[in-house]
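S.K.: Sequence:
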Amino acid sequence: MNRKNMKTNVDPSEINKFEALAHRWWDPDSEFRPLHQINPLRIKYIESLIKLDGKHILDVGCGGGILAEGLATKGARVTGIDMADKGLNVAKLHLHESKLDIKYEKSSAEDFAIEHKSMFDIVTCMEMLEHVPDPSSVVHACADLVKPGGLVVFSTISKTPKAF
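By the numbering used here, the letter at position 132 of the sequence shown is numbered 574, and the numbering carries on one by one without gaps.
I should point out that these hints are in silico values taken from the structure, not numbers from a laboratory. Treat the hints with care, as some may be off.
[As the list claims (entries may be wrong)] Below, simulated DSSO-like cross-link-like pairs (lysine-lysine); rule was C-alpha separation at most 30 Å, straight line:
hint, residue 1, residue 2
1, K493, K559
2, K516, K493
3, K545, K516
4, K559, K589
5, K497, K548
6, K545, K497
7, K497, K516
8, K589, K486
9, K541, K528
10, K559, K528
11, K486, K548
12, K497, K528
13, K559, K548
14, K486, K559
15, K534, K516
Take the sequences, apply the hints, and build the full model.
M.R.: Next comes the structure, spelled out in structure tokens:
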């Protein structure tokens, strides 16, 4: 399968949009309010499927680290990847305040999968697929990143007319 690298499976306008919003990631009254509200439910759902304590989790498209931090508070060893520098910087700054053990890296899922095949017990990819030109490439990369028998969790916004 021909995989796209991080330079080709990125929409620069999406990166620019999130770079402009980066300073508001941790404001629960900002554009990210829905993420703050749904995060506890997501974590509870994932916990209903698999114990998080001690699990190695990859959060693809981690943004400012909202989900990554929530998973880490449950004892998971979390790595977050994203392509937006400012969002990653916000995640790292907030991490410094929270004192959790999370690694953040700038990488696409496809590029990360090249060197981290079958390394994660759980891979999450929340509200990210709608921001890349080739979502199926990200889905395949996530499948490559998870260990056999592991769990991959996706969530995406419906872009159908009925959803609006």
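S.K.: Now tell me, hint by hint, if it's right for this structure.
M.R.: Quick rundown of the hints versus the structure:
no.	hint	in the structure
1	K493 <-> K559	22 Å, holds
2	K516 <-> K493	9 Å, holds
3	K545 <-> K516	16 Å, holds
4	K559 <-> K589	8 Å, holds
5	K497 <-> K548	22 Å, holds
6	K545 <-> K497	14 Å, holds
7	K497 <-> K516	10 Å, holds
8	K589 <-> K486	21 Å, holds
9	K541 <-> K528	20 Å, holds
10	K559 <-> K528	27 Å, holds
11	K486 <-> K548	27 Å, holds
12	K497 <-> K528	27 Å, holds
13	K559 <-> K548	17 Å, holds
14	K486 <-> K559	27 Å, holds
15	K534 <-> K516	19 Å, holds
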